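Enquirer: The lines below spell out each chain.
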Amino acid sequence: MLRSVSQLSFFGAEREIWPVARLTRYLRELLESDYRLQELWVAGEVSNLSRPASGHLYFTLKDSEASLRCVMWRSEVGRQVVLPRDGDAVEVHGHISVYDSGGVYQLYADRIRLAGAGDLFQAFQALKERLEAEGLFDPERKRPLPAWPRRIGIVTSPTGAALRDALHVLQRRFPLVEVVLAPTPVQGEGAPPGIIAALEALNRALDIDLILLIRGGGSIEDLWAFNDEGVARAIAASTLPVVAGVGHETDFTIADFAADVRAPTPSAAAEIATPDRAALREGLAAQQAQLVRSVSEALTERGWDLRQMARSLRLLSPRSRVANEHQRLDELVRRAGGALQHGLQMRRAAVAGRSATLRAVGPQAVLERGFAVVTRAEDGAVVRSAAAVQAGDQIDVRVADGEFAAEVLDAEEGQDG
Amino acid sequence: MAKSKVQPVEELRYEEAYEELDSIVAQLESGDLPLEESLALFERGQLLAARCSELLEQAEIKLRQLAPDDSGGLVESDLEGDL
Chain A
1 MLRSVSQLSF
11 FGAEREIWPV
21 ARLTRYLREL
31 LESDYRLQEL
41 WVAGEVSNLS
51 RPASGHLYFT
61 LKDSEASLRC
71 VMWRSEVGRQ
81 VVLPRDGDAV
91 EVHGHISVYD
101 SGGVYQLYAD
111 RIRLAGAGDL
121 FQAFQALKER
131 LEAEGLFDPE
141 RKRPLPAWPR
151 RIGIVTSPTG
161 AALRDALHVL
171 QRRFPLVEVV
181 LAPTPVQGEG
191 APPGIIAALE
201 ALNRALDIDL
211 ILLIRGGGSI
221 EDLWAFNDEG
231 VARAIAASTL
241 PVVAGVGHET
251 DFTIADFAAD
261 VRAPTPSAAA
271 EIATPDRAAL
281 REGLAAQQAQ
291 LVRSVSEALT
301 ERGWDLRQMA
311 RSLRLLSPRS
321 RVANEHQRLD
331 ELVRRAGGAL
341 QHGLQMRRAA
351 VAGRSATLRA
361 VGPQAVLERG
371 FAVVTRAEDG
381 AVVRSAAAVQ
391 AGDQIDVRVA
401 DGEFAAEVLD
411 AEEGQDG
Chain B
418 MAKSKVQPVE
428 ELRYEEAYEE
438 LDSIVAQLES
448 GDLPLEESLA
458 LFERGQLLAA
468 RCSELLEQAE
478 IKLRQLAPDD
488 SGGLVESDLE
498 GDL
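Protein sequence lines correspond, in order, to chains A and B.
Residue 1 is where the first sequence starts when you use this note's numbering, and the numbers rise one by one after that.
Residue 418 is where the second sequence starts when you use this note's numbering, and the numbers rise one by one after that.
Because the hints were derived from the structure by calculation, they are not lab data.
It cannot be assumed that every hint is accurate.
Distance condition first, Cα-Cα at most 20 Å in a straight line; then the derived DMTMM-like pairs of lysine to aspartate or glutamate [unchecked claim]:
id: 1; chain 1: B; residue 1: LYS479; chain 2: B; residue 2: GLU433
id: 2; chain 1: B; residue 1: LYS479; chain 2: A; residue 2: GLU132
id: 3; chain 1: A; residue 1: LYS62; chain 2: A; residue 2: ASP110
id: 4; chain 1: A; residue 1: LYS128; chain 2: A; residue 2: GLU229
id: 5; chain 1: B; residue 1: LYS479; chain 2: A; residue 2: ASP209
id: 6; chain 1: A; residue 1: LYS142; chain 2: A; residue 2: GLU200
id: 7; chain 1: B; residue 1: LYS479; chain 2: B; residue 2: GLU427
id: 8; chain 1: B; residue 1: LYS479; chain 2: A; residue 2: ASP165
id: 9; chain 1: A; residue 1: LYS128; chain 2: A; residue 2: GLU271
id: 10; chain 1: B; residue 1: LYS479; chain 2: A; residue 2: GLU178
id: 11; chain 1: A; residue 1: LYS128; chain 2: A; residue 2: GLU221
id: 12; chain 1: A; residue 1: LYS142; chain 2: A; residue 2: GLU229
id: 13; chain 1: B; residue 1: LYS479; chain 2: A; residue 2: ASP276
id: 14; chain 1: A; residue 1: LYS62; chain 2: A; residue 2: GLU45
id: 15; chain 1: A; residue 1: LYS142; chain 2: A; residue 2: GLU132
id: 16; chain 1: B; residue 1: LYS479; chain 2: B; residue 2: GLU460
id: 17; chain 1: B; residue 1: LYS479; chain 2: A; residue 2: GLU271
id: 18; chain 1: B; residue 1: LYS479; chain 2: B; residue 2: GLU454
Far from chain A, by Cβ distances over 12 Å, these chain B residues were calculated [said to hold, decoys possible]:
id: 19; residue: GLU427
id: 20; residue: GLU428
id: 21; residue: ASP487
Facing chain A, from chain B, some residues (calculated, C-beta under 7 Å) [claimed, not checked]:
id: 22; residue: TYR431
id: 23; residue: GLU432
id: 24; residue: SER455
id: 25; residue: CYS469
id: 26; residue: GLU477
id: 27; residue: LYS479
id: 28; residue: ARG481
Keep in mind the model is a prediction, meaning the values are calculated, not measured.
Even for Gly, the Cβ is constructed at its ideal location relative to N, Cα and C.
Please put together the full structure from these sequences, using the hints given.
Expert: Here you go:
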């Protein structure tokens, strides 16, 4: 301590006391001003790798003599072809700077490649850039997936876990689908031509709606067929939309970029390609409810209309007018009846009067006064003259209350007749 | 929907049945159909919905395999699905 103080005084800087932050900033600026430290590849072995929820990647690169703290921000992590694991020999690209509050310098990484795969990575990168420049990965090229695929083509190994996983998902989500497998090796020499042939075969097959190109996880070498240029071009040339689900979430292949949709895994590819049965059930239930609602609405509406009309009809009804008419008619009938009755009485009285007169002047009244009518029994002729009969003639004599038979005893014509 | 076009629901595939159900609902919602026609559509809609449910619940994916045939074409065959 004493010595450092004396050293400081030797340099005459005793009066200049630096706050930590200032010193740290100074060192940072110093490091950042060295262009060699701003763009470099560092080789070493990965240890203490961690990836907390933030998504950033922290690890230490070390060799037998030294270690270097490294950080890769989440935005960069997503762009990596492969992510390292502890113990991997890697080459990391980035720049050196200082983490102020930790008081450490570290490598801010933006690219990682496996040391052994350096050539592969470069080949990958070169091909990717070339195809990208060609427009093979353009977003405008991406075709939408059909909402309800009927026949799904699958390009993969018939024996792989990828197929099994995808079929499980399809059965669970959308069992209405038919799967057409175009089997091919997905690893090794024969894989790229096999995949290309399978893609072409499915494009020629009938009624396929889309293709799943899938393979389970493996090393970057295992997945290499999916970085084949011919495969990428076959995907781009496919008239059917292609969903690629190769390896694990962290694996990116050229096939992924060329496909219409990149799925992180084979299961995810199957999921992306199909509607969910649960959602379909809900949609169906909603349709059914709507069906019932719209019909009952129509019925209710019509029922209401009907009631409304019945009410209007009652208001306009002629029934009350008819009732009125009835009443008037009754009245008329009654009056007519009265008049008729009156007329009859008058007539009856008149008739009675006249018949009395008639009686008074008629033969009956004469008979009642004591006269009789005599007729000859022989021919019914009225006897008006004594000369009309002679003795022995039978005659009938009619008096007021009856008649009797008689015989003429003698007939003599009177003087005055 | 013309009468002559009406297919028995048992012959319909899921999406056909669903599409028809959809159009029936839309027609009913428009609400300007004669009552008798609405009721007929409603009945048909119920059948379609039942058909969809049945297909959805009972379906099992069909697995087929594509292979080249002798003449350089392709042949499709059933594959024993071992899920």
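Enquirer: Are any of the numbered hints broken by this structure? If so, which, sorted upward?
Expert: 2, 9, 16, 18
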